[in-house]
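Enquirer: Sequence:
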Amino acid sequence: MLNIFILEDNLIQQSRIEAIVASILEEGRIPHNQLEVFSNPQKLFDSIQERGDHQLYFLDIEIGDKSRSGLELASDIRQKDPNAVLVFVTTHSEFAPISFRYKVSALDFIDKAVDSQQFKEHIEECIRYTYEMMSSRQVEEMFLFETPQTRLKLPYKDILYFATATTPHKVCLWTQTERLEFYGNLSEIHAVAPKLFLCHRSYLVNLDNVVRIDKAKQLVYFENGDSCMVSRLRMKQLFEKWKSFR
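Quick note: the sequence shown uses the UniProt record's numbering, first residue 1, plus one each step.
Take these hints with a grain of salt, some might be off.
[Claimed, not checked] Only pairs whose alpha carbons sit at most 25 Å apart, straight line, appear in this in silico PhoX-like list of lysine-lysine:
(1) Lys-80 / Lys-103
(2) Lys-170 / Lys-103
(3) Lys-153 / Lys-43
(4) Lys-170 / Lys-195
(5) Lys-170 / Lys-243
(6) Lys-217 / Lys-236
(7) Lys-43 / Lys-170
(8) Lys-241 / Lys-195
(9) Lys-112 / Lys-215
(10) Lys-157 / Lys-241
(11) Lys-236 / Lys-195
(12) Lys-153 / Lys-170
(13) Lys-195 / Lys-215
(14) Lys-157 / Lys-195
(15) Lys-157 / Lys-170
(16) Lys-157 / Lys-243
(17) Lys-236 / Lys-153
(18) Lys-103 / Lys-43
(19) Lys-241 / Lys-217
(20) Lys-195 / Lys-153
(21) Lys-236 / Lys-215
(22) Lys-195 / Lys-243
(23) Lys-215 / Lys-241
(24) Lys-80 / Lys-43
(25) Lys-215 / Lys-243
(26) Lys-243 / Lys-217
(27) Lys-236 / Lys-157
(28) Lys-170 / Lys-80
What the hints contain is simulated information worked out from the structure, not anything from laboratory work.
Hey, can you work out the whole structure from these sequences and the hints?
Expert: Encoded structure:
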């Protein structure tokens, strides 16, 4: 289901956009998990827990006295989530050409100055496009891990490996684009994701993303150059399972 985020620091515009989005979702009976409004770019960025084309962001470009805060946030979101849907909502139409320099692949650039009906239609087009694209695509296998302290959801294909962290009771996750640290342990993760391979008491790997295995050094390698140790007793099983994926 959709998660929708709005970045706008003007309270009147904030209420306007939120009300329009809420009415579109209700009138169209479009299912969604979240509709969140922020006036601070960093707080919005820190709130992101999921990744994928079900993540829709309506971003004002100018926040406070910073003329390009929305563009910078969009760039950060794009680095974190290549599949997120980004829409700029602004009075500064002159920023449209500049937005291309940030290489964020925005879906649309909506001018706040257009009349109310046109404004709503533009927002509705973005919501419906995102929902239809999400609904029509082949269902992507997702990894979901939830505890009282943690909620993590992302595509399996993005996972490289999990490793025990130096901080007690925490685990590190390496993905194609980032490193995350959260509360949990490898046993809990393996229980909800049995397709991952426990190659060592400290490592849980996604064999789909292993590019090379060095039996002599007892290491597996990933495309980004990272490696994980493999227990001598688990090497044979790991190698056979990995070959079956190729």
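Enquirer: Hint by hint, say whether it matches the structure.
Expert: Going down the list of hints, with the structure as the test:
{"no.": "1", "hint": "Lys-80 / Lys-103", "result": "holds (13 Å)"}
{"no.": "2", "hint": "Lys-170 / Lys-103", "result": "violated (34 Å)"}
{"no.": "3", "hint": "Lys-153 / Lys-43", "result": "holds (19 Å)"}
{"no.": "4", "hint": "Lys-170 / Lys-195", "result": "holds (21 Å)"}
{"no.": "5", "hint": "Lys-170 / Lys-243", "result": "violated (31 Å)"}
{"no.": "6", "hint": "Lys-217 / Lys-236", "result": "holds (13 Å)"}
{"no.": "7", "hint": "Lys-43 / Lys-170", "result": "holds (23 Å)"}
{"no.": "8", "hint": "Lys-241 / Lys-195", "result": "holds (11 Å)"}
{"no.": "9", "hint": "Lys-112 / Lys-215", "result": "violated (60 Å)"}
{"no.": "10", "hint": "Lys-157 / Lys-241", "result": "holds (17 Å)"}
{"no.": "11", "hint": "Lys-236 / Lys-195", "result": "holds (17 Å)"}
{"no.": "12", "hint": "Lys-153 / Lys-170", "result": "holds (17 Å)"}
{"no.": "13", "hint": "Lys-195 / Lys-215", "result": "holds (22 Å)"}
{"no.": "14", "hint": "Lys-157 / Lys-195", "result": "holds (12 Å)"}
{"no.": "15", "hint": "Lys-157 / Lys-170", "result": "holds (22 Å)"}
{"no.": "16", "hint": "Lys-157 / Lys-243", "result": "holds (17 Å)"}
{"no.": "17", "hint": "Lys-236 / Lys-153", "result": "violated (31 Å)"}
{"no.": "18", "hint": "Lys-103 / Lys-43", "result": "holds (22 Å)"}
{"no.": "19", "hint": "Lys-241 / Lys-217", "result": "holds (19 Å)"}
{"no.": "20", "hint": "Lys-195 / Lys-153", "result": "holds (16 Å)"}
{"no.": "21", "hint": "Lys-236 / Lys-215", "result": "holds (9 Å)"}
{"no.": "22", "hint": "Lys-195 / Lys-243", "result": "holds (15 Å)"}
{"no.": "23", "hint": "Lys-215 / Lys-241", "result": "holds (14 Å)"}
{"no.": "24", "hint": "Lys-80 / Lys-43", "result": "holds (15 Å)"}
{"no.": "25", "hint": "Lys-215 / Lys-243", "result": "holds (13 Å)"}
{"no.": "26", "hint": "Lys-243 / Lys-217", "result": "holds (18 Å)"}
{"no.": "27", "hint": "Lys-236 / Lys-157", "result": "holds (24 Å)"}
{"no.": "28", "hint": "Lys-170 / Lys-80", "result": "holds (21 Å)"}
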